[in-house]
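All chains, full assembly: derive it from the sequences and hints.
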Amino acid sequence: MELNSPDMNDWETVIGLEVHAELATKTKMFSSALNSFGGKPNSNTDPVSLGLPGSLPVLNEKAVELAIRVGLALNCEVQKSVFARKNYFYPDMPKAYQISQFDLPINKEGWLELPDGRRIGIERAHLEEDTGKITHVGGGGRIHEASYSLIDYNRSGVPLIEIVGAPDLRSPDDARDYVSELRSILVTIGASDGKMEEGSLRVDCNVSVRKKGTEEFGTRCEIKNINSLRSLGRAIEYEAKRQIEIIESGQKIEQQTRHWDEAEGRTHKLRSKEEAFDYRYFPEPDLVSVEPSEEWIREISGSLPPLPRERRHLLAEAIGVEPTETSLIVQRDLDTFALEAISSNANKNRVLVHLENNLADGVGELTPEAFASLTVMETNGELTSTQTKTVLAELVEAGGDPQEVAKSHGFESMDNSELEEIVDRIISENSDDWLAFINGDETERKKKSGFFVGLIMKETNGQADGKIVNQILNTKSKN
Amino acid sequence: MEATEIAEKVSSGEISARTVVEQHIEIINEIESDVNAFNLVTAEKALIDADEIDSKIASGETLGPLAGVPISIKDNLCTRGIETTCSSKILEGWKPPYDATVIEKLKEAGAVIIGKTNLDEFAMGSSTENSAFGPTRNPHNLECVPGGSSGGSAAAVAAGFSPLALGSDTGGSIRQPAALCGVVGVKPTYGRVSRYGLVAFASSLDQVGPFANTVSDAALTLEVISGHDPRDSTSIPEKPLDISGFLDQGVEGMRIGVIEELSGKGLGGISQDVISRVEDAIKVLSNAGADVEPASVPASIYGLSAYYVIAPAEASSNLARYDGIRFGPRTEAATTAETMTATRTKGFGDEVKRRIMLGTYALSAGYYDAYYGKSQRVRTLIMNDFAKAYEKFDLLISPTAPTTAFPLGDKTADPMQMYLQDVCTIPSNLAGHPAMSVPFGFGADGMPVGIQILAPAMAEREMFQAAKILESESGNGIE
Amino acid sequence: MVERISREEVAHVARLAQLALSEDELDAFTSQLAAVLDHAADLEALNVDDIEPSTHPFPLKNVLRVDEPGEGFEIEEVLEGAPEVEEHQFRVPPILGDS
Ligand SMILES: [Mg+2]
Ligand SMILES: [Zn+2]
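Residue numbers (my numbering), protein chains in the order written: chain D, 1 to 479; chain V, 1 to 479; chain F, 1 to 99.
One or more of the hints may lead you astray.
[Said to hold, decoys possible] EDC-like cross-link-like pairs, simulated, lysine to aspartate or glutamate; straight-line CA separation at most 16 angstroms:
no. : chain 1 : residue 1 : chain 2 : residue 2
1   : V       : K353      : F       : E25
2   : D       : K26       : D       : E61
3   : F       : K61       : D       : E291
4   : V       : K388      : V       : E293
5   : F       : K61       : D       : E294
6   : D       : K40       : F       : E74
7   : V       : K353      : F       : E9
8   : D       : K458      : D       : E420
9   : D       : K458      : D       : E418
10  : V       : K95       : F       : E74
11  : D       : K133      : F       : E86
12  : D       : K40       : F       : E86
13  : V       : K107      : V       : E61
14  : D       : K26       : F       : D67
15  : D       : K269      : D       : E222
16  : D       : K40       : F       : D24
17  : D       : K269      : D       : E248
18  : V       : K392      : V       : D291
19  : D       : K446      : D       : E429
20  : D       : K26       : F       : E68
21  : D       : K458      : D       : E429
22  : D       : K133      : F       : E87
23  : V       : K95       : F       : E77
24  : V       : K353      : F       : D27
25  : V       : K353      : F       : D24
26  : D       : K389      : D       : D401
27  : D       : K26       : F       : E71
Hints are computed from structural coordinates only; laboratory data are not their basis. The structure displayed is predicted, hence computed values, not measured ones.
This is how it looks when you write it as structure tokens:
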């Protein structure tokens, strides 16, 4: 179906996200099998994660602790929780029920702040177990054409936290900001590695549309199989357009679960509400309630590191910019680098540029101290911006002292008196051009300035700072 | 020979474990074909285990309290490498890769497993007729049922195949067959004995317990299998029971209540000869110095109704894992979903299907509150009424089963008639309290009658003291 | 007497439980289930609205396990007994439908 472009300006998209994150424990949620699922299929299993008859779940303390960390970081109320069985048959689920939390989740009612300061509601963040992994064989790995399937239960029973956000997001950008912020929080507090590509962070997306100015929510569809921030944005855009078009053509939206197809760039219907499972939730009789003591919660709360939101604000204040401008740096966990450089009096703009543009792929061997002294060298004119970039790349690659790295590249800055002598010599050797520079109009001046800078750079093997050369030329022309 | 006597003689070298096992195998060879107590007799393995015990004794090692004692195990307890079928076709041939905790404990105590006993499929029934491998017969009269669901274990002890057996009790499945077969059967406090490795029927009701010919043998066995197990979240964090040293302390000064609602005055269907045996028991206990009076547990009459919602509900979920993917036989079909359905349809017997459907219905959308929710509240009501009764009484008594053993086929056509067999035993499961059946003479038909002794949670010791008094005056002393 | 459970409901429940029933079985189960539910009707008269439901007979809470790996487990024993295995995985016929 080729979509027309309806007038998006009349419509508002309403988005709520459900994020599943794998918790960074050593062992599984309900048994002592390893929480690790590379490696040989089914090698990290035991009677519990295979759902063998007679096996019983016992809750991992660390999973509870990490869930509480998540709850506190998301400003939730941590409460008495009860596990429930969610019953449905699917071959990746060994017991034919998933142990999850239903009526009483461990965390309820919190919020997360986007970099622009808007607060997005968190309805709940509960614990549950992951399923096994199915590989479809034949038919190019597609489920409908496969000739058979293989099941690996290494992932079965891995602890998950499901974070259910309120429908407070209004655009693909909002959704991406929300997931980035959430991921950043999860990584910061050590709850999860947050890797979306590897499936340790999974996003389901509820989308509905409504006419701008109306209060009532439209019928929503849930989109599954979103594997990156890019596809999150694309899927929302596609889905919103699809829904608007249906409504504008006079039809009604059917509540559905839909599947995002990245290659085709569209969503497909998986099932509608009428076909939805009857999960027959009931309290899990093999587990008892979790009632964390005030003391335990306080202890966990006291052990939380500074959160991205705080760090964003702190850095913004230190630099003197808006928090929106520092969010990327915090997300990349580079704020210690920024603070170190700023407090050493490096130029703020140069610091921001390097952190945002030149360290996108990580800091490697670079230390905050080395970064600070490098940016200070740049600020003081000891290095040109191009030279700074070169040195920075090498520090990331191999570490070391910026002074020495600069030296090894021959980036020793010249002192200005030495430079002035060279400028004087070049002027006397090219007196006609010099006169043309002094007396010429704007165009002529520019041309001649380029000519002189070129000669001087050649003479200094590129080590002179272009800006300073220009300054010297200007000063001399006015004498 | 009693288990206590065997263990003593084996430990002192007076008799070899091999001889003991051989003697029991001989009895099995003689009459097992009539009784069909076993799904599997593990004679060869038992002899190897016996020899091992004998060589340990020869080398001066001290052995556990059950050294050389043959024991029969209900076939819903996992035994590593030994077929565990739950008397169901759906598990035919399944060899668990692990031992149940109670099996580990028995082995440690020196007991020798002699076979896996027959049961109603997945412990659902009260006659052991719902077995995929044919019914067990009552050793006292082969035309009659042994009761159920642990009918094989009760019959094995009554027939002299082994002095001890383990069963499981979800609504009376140890006590009712114990009564019908004239042996001692104990359901401990919920959480006293680990459920790890017990194939679940209804998780919040299931308890493992012993069968024996004498009260002291039952006490010893319970001591061996009790105690905290970190692999079962519902296991009570207490040391193993110590009962044996207190068995002869009598009931002097104890206040014992006779539950009116379960002794013919509330519910119909309790036969006159059973009621008169209860009256005899009252005299015996009074003569021994107890203060015996009528007691009321009004909500106990709702036990059966609540039970037949709660147990099937939990069972419907517990039995969902039998899908032909990871273990057990598979009925292959074109797709995985069809394979699951075909495997389950072929693998489960009618009673199991009935309860799965009943439980699925009770949990399904729209019916949860009316059935499951309400039954769980009634459960609280029953607990409250017991608590009130125990303000006045130390122990309670009632008949164990409403009738003596009935002929095979008598109740198979009408499930509801069969369910009524458990009317006296179910309340203790719902409350999680300990209860046991002690053989106390015979009915008009010459078949055994059992008296049920009920105690508050954790009060097994007092319960056994009363049982010992009844045993001494039961008139069917141990030959 | 009002039917406690309809034939259609039994069919639906059987589907949820992945059981296939013949027409005759459907009839028989419908009347048997109705009889059991009818017996449970004695609960209807009870007012238990202000009574908390009990999910466990013994009150325990916070039963937790330290996050340490357990002893090794012999997966081979399970795979040997499994219906169909390929490349150390459980093999199943095609899975149609969604995930
Ligand atoms: Mg969800
Ligand atoms: Zn989930």
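Outcome of the hint check:
1. For the given pair, V/K353 sits about 11 angstroms from F/E25 by alpha-carbon distance, which is consistent with the 16 angstroms threshold.
2. Taken as a hint, the D/K26 and D/E61 pair is honoured in the structure, with Cα atoms around 11 angstroms apart against an allowance of 16 angstroms.
3. Between F/K61 and D/E291 the alpha-carbon distance is near 7 angstroms, which keeps this suggested pair within the 16 angstroms criterion.
4. Restraint check: the Cα-Cα separation between V/K388 and V/E293 comes to about 15 angstroms, which is no more than 16 angstroms; the hinted pair holds.
5. Of the pairs offered as hints, the one joining F/K61 and D/E294 holds, with about 15 angstroms between alpha carbons and a cut-off of 16 angstroms not exceeded.
6. Simply put, D/K40 and F/E74 have alpha-carbon atoms about 13 angstroms apart, close enough for the 16 angstroms limit, and the pair holds.
7. Of the pairs offered as hints, the one joining V/K353 and F/E9 holds, with about 15 angstroms between alpha carbons and a cut-off of 16 angstroms not exceeded.
8. Distance restraint check for D/K458 and D/E420: the Cα-Cα separation of roughly 15 angstroms lies within the 16 angstroms cut-off, and the hinted pair is therefore satisfied.
9. The straight-line distance between the Cα atoms of D/K458 and D/E418 is roughly 15 angstroms, inside the 16 angstroms bound, and the hint therefore holds.
10. A threshold of 16 angstroms between alpha carbons decides the hint, and for V/K95 with F/E74 the separation of about 13 angstroms falls inside it, so the pair holds.
11. Restraint check: the Cα-Cα separation between D/K133 and F/E86 comes to about 14 angstroms, which is no more than 16 angstroms; the hinted pair holds.
12. Simply put, D/K40 and F/E86 have alpha-carbon atoms about 12 angstroms apart, close enough for the 16 angstroms limit, and the pair holds.
13. Restraint check: the Cα-Cα separation between V/K107 and V/E61 comes to about 15 angstroms, which is no more than 16 angstroms; the hinted pair holds.
14. Straight-line distance between C-alpha atoms of D/K26 and F/D67 comes to about 6 angstroms, which keeps the hinted pair within the 16 angstroms bound.
15. Between D/K269 and D/E222 the CA atoms are separated by roughly 10 angstroms; this keeps the pair inside 16 angstroms, and the hint holds.
16. Note on D/K40 and F/D24: the hinted pairing is violated, with a Cα-Cα distance of about 48 angstroms set against a maximum of 16 angstroms.
17. At most 16 angstroms may separate the alpha-carbon atoms for a hinted pair to count; D/K269 and D/E248 exceed this at roughly 20 angstroms.
18. Simply put, V/K392 and V/D291 have alpha-carbon atoms about 11 angstroms apart, close enough for the 16 angstroms limit, and the pair holds.
19. At most 16 angstroms may separate the alpha-carbon atoms for a hinted pair to count; D/K446 and D/E429 exceed this at roughly 19 angstroms.
20. Straight-line distance between C-alpha atoms of D/K26 and F/E68 comes to about 7 angstroms, which keeps the hinted pair within the 16 angstroms bound.
21. About 15 angstroms separates the Cα atoms of D/K458 and D/E429, which keeps this hinted pair within 16 angstroms; it holds.
22. About 14 angstroms separates the Cα atoms of D/K133 and F/E87, which keeps this hinted pair within 16 angstroms; it holds.
23. Taking the CA atoms of V/K95 and F/E77, the gap is about 8 angstroms. The hint holds against a cut of 16 angstroms.
24. Proximity of V/K353 to F/D27 is assessed by CA-CA distance (about 14 angstroms); at most 16 angstroms being required, the pair is judged to hold.
25. A threshold of 16 angstroms between alpha carbons decides the hint, and for V/K353 with F/D24 the separation of about 14 angstroms falls inside it, so the pair holds.
26. Restraint check for D/K389 and D/D401: satisfied, since their Cα atoms lie roughly 14 angstroms apart, inside the 16 angstroms limit.
27. Using a Cα cut-off of 16 angstroms, the hinted pair D/K26 and F/E71 holds, with the two alpha carbons roughly 14 angstroms apart.
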